[in-house]
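Could you put together the complete structure from these sequences and hints?
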Amino acid sequence: MATRYGIQLAVHLISSHFGDLVAKVCECLLRKGTLTLRDIIRFTELSAQQVKNCLLVLIQHNCVQAFSTVEDGGLSESRIITQYMVIFNNIIHRMRFSKFIMIVSQEFDKECEELLEGLLQHGRLTLAQLLDRANTDKPEGKIPVVHLGGDRSRIHVRVLKSGFHRASCGLLCLSGNSFLMIGLSLTIKFVQFVECCPAQDALRESFNRLVNAHYVERCPASEPLLELKTDEAPSRRGAKSAKIARVVETTEQRALKAAAPMEAKRFLVVTNTGSDIHGKNTVDMPSNEITGEKQMKDEYMQLDGALGGAVCEKEVVWRANFEEFVLRLKQKVCVASIRAQYDDGAGVVLSAMLEATRGTERKIRGETSGPLSLNAIFEEVMKTEEGRTMTLEHVRSSLNQIGCKLDTAGPDQSYSIDLKNIIDTAQRDEVELIVLKRYGKEAFRMFRLLSRTRCLAETNKISDTALVDKKEAAKILYKLWQDDNVHMVRPTATSTSDKDLCLWTVNKDTLWKHVLDQMYHGALNLSLRTLYELEQEREILQLPREKRIGELGKRYERLRRVRILMESSLMKLDDSIMLFNDF
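Letter by letter, the sequence shown follows residues 1 to 583 in our numbering.
It is worth saying that the hints were derived from the structure and are not from the lab.
Just so it is clear, the structure is predicted and the values come from calculations on it, not from any experiment.
Any given hint might turn out to be false.
Below are the DSSO-like pairs computed for lysine-lysine, each with C-alpha atoms no more than 27 Å apart in a straight line [said to hold, decoys possible]:
1) 461 <-> 471
2) 52 <-> 24
3) 52 <-> 257
4) 508 <-> 332
5) 332 <-> 513
6) 332 <-> 572
7) 405 <-> 420
8) 420 <-> 513
9) 441 <-> 470
10) 420 <-> 437
11) 508 <-> 479
12) 441 <-> 554
13) 405 <-> 383
14) 420 <-> 471
15) 475 <-> 513
16) 461 <-> 405
17) 110 <-> 99
18) 479 <-> 441
The following block contains the structure:
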């Protein structure tokens, strides 16, 4: 949701990462909406080449999506116009990259983490570019093939450090032109460096794991063409009212939908895994796909396989799938909320259910999880270390405790989680905590009463129920109203006694938007303060470590503590931002 301070935060992030020119173009799109190239040039007063370069940077980093529309030319021919829309959420995701990397580091190895880091750093890359980047960053990109004296036998070794090598058959220590391997001294005839095919294959395997987990996806179409919308006339009675009730998609939503690759192709990987010059093509697909998607993937596999794995590695462009990362963070928030609200057992059961239904839950704002039988839930709970001590009755009790929906329609009873209720409760608790810290306990009790009842209440009734003095209650409610935390209604006075009557309530939609905007404001202030502190002590940061002694050392240590405090506070605040904006 692009609020006032949300736009300022997004512009600040782009300015910090790409400079003021790119930020100026981004701010123009954020404030003006979807624009053509000519309009962007007119509003920003930059040259055409500067605007094009800025748009390329924003598109490369998934912050802008281009699309084409057909403009009716009237008497003349229709023409195609390219427009550019900014993706606000993708810009805000840039301050969550460390969280995304942490998720991958907890699930996979270091190579997967480095591949994801490359995609986050560069926005969009082909698999060939990712492999080249990995080999460039590491000196082990080529394997020395050691030819021993006497016979022409060869041993593949991998450089570990200067003077040390590793072979598949043991450790080799380099000494002059000899290797000592398990007590045997071997004389080197010559060393030939060849391409590191095993390392390349390991990187491809790591990349496949990221794609199978849906952390990496194919990039959307660069410039999809939107078809003209034609309003169909109602063909039967009641169709008109049904059309009115239907949610109408915006042009931006249609553009994103048109640009997105088909689900069958979105996570399809065709790689060249051969170690020889010709190579060998393999197709890697997630194992949890339904039959229809598998059939479509087979068709795409034949098409991409005909092009060759090497060609696909150089032509198919990939990016990080922010949706999957946000979904994982949402699941963690739900588990943490249930643990805090009930106990660890309920958290273990919820975590096991979310992990079991991970392949079926793909919508971030999905209201419920996939259904699972009690036996399937218990089996999944037993896989965790904390769940091994739980009995079947304990699991059933935890399911009832967290309010799982029980479906008895099928042959077996199945449970599903009401995720929407968990998120709503977490949002309400967050707002109530803000009111408690800012206005005190009495205001907290009054606000909680209004937020839970969700109906109009007069001042005297609120003060009596919340056990607050009537005069003090009126002052507190007025203060909350001034800060847009509660909504006040003045009914039409029917007598002199009703002239000062006020009714109070909490407008959830308006309040949630206001709270989110204030969180954006806080995140912006924290980011600016961090930059200010770093700018003030730039000279100390540039000093070598051995010269940071005495007073300079104290200043550096203070800066380090301040930076850690600011960045950790920003990460916690971002958790709350995601709760209201993304979940």
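- Query: Under the criterion that the straight-line Cα-Cα distance not exceed 27 Å, is the pair residue 420, residue 471 satisfied?
  - Reply: violated (38 Å)
- Message: Hint check: residue 461 vs residue 471, CA-CA at most 27 Å. Holds or violated?
- Response: holds (13 Å)
- Going straight from one Cα to the other, do residue 405 and residue 420 come out at no more than 27 Å? holds (12 Å)
- Message: Given the hinted pair residue 420 and residue 437, is their Cα-Cα distance within 27 Å?
- Response: holds (26 Å)
- Message: Against the 27 Å threshold, does the CA-CA distance of residue 475 and residue 513 hold or violate the hint?
- Response: Roughly 24 Å separates the two Cα atoms, so the pair holds.
- Is the Cα-Cα distance between residue 52 and residue 257 27 Å or less? Holds: residue 52 and residue 257 sit about 24 Å apart, inside 27 Å.
- Query: Are the Cα atoms of residue 332 and residue 572 separated by 27 Å or less?
  - Reply: Distance ~14 Å between residue 332 and residue 572 Cα, so the pair holds.
- Task: Mind checking the alpha carbons of residue 332 and residue 513 for me, to see if they're no more than 27 Å apart?
- Result: Holds: residue 332 and residue 513 sit about 23 Å apart, inside 27 Å.
- Message: For a C-alpha distance cap of 27 Å, please report whether residue 420 and residue 513 respect it.
- Response: holds (18 Å)
- Message: Tell me if the straight-line CA distance from residue 52 to residue 24 falls inside 27 Å.
- Response: holds (13 Å)
- Task: Below or equal to 27 Å on CA atoms is what counts here, so check residue 508 against residue 479.
- Result: holds (18 Å)
- Query: Can the restraint linking residue 508 and residue 332 be considered satisfied, given a maximum Cα separation of 27 Å?
  - Reply: holds (24 Å)
In the structure shown, a violation is registered for the earlier hints numbered 12, 14, 16, in ascending order.
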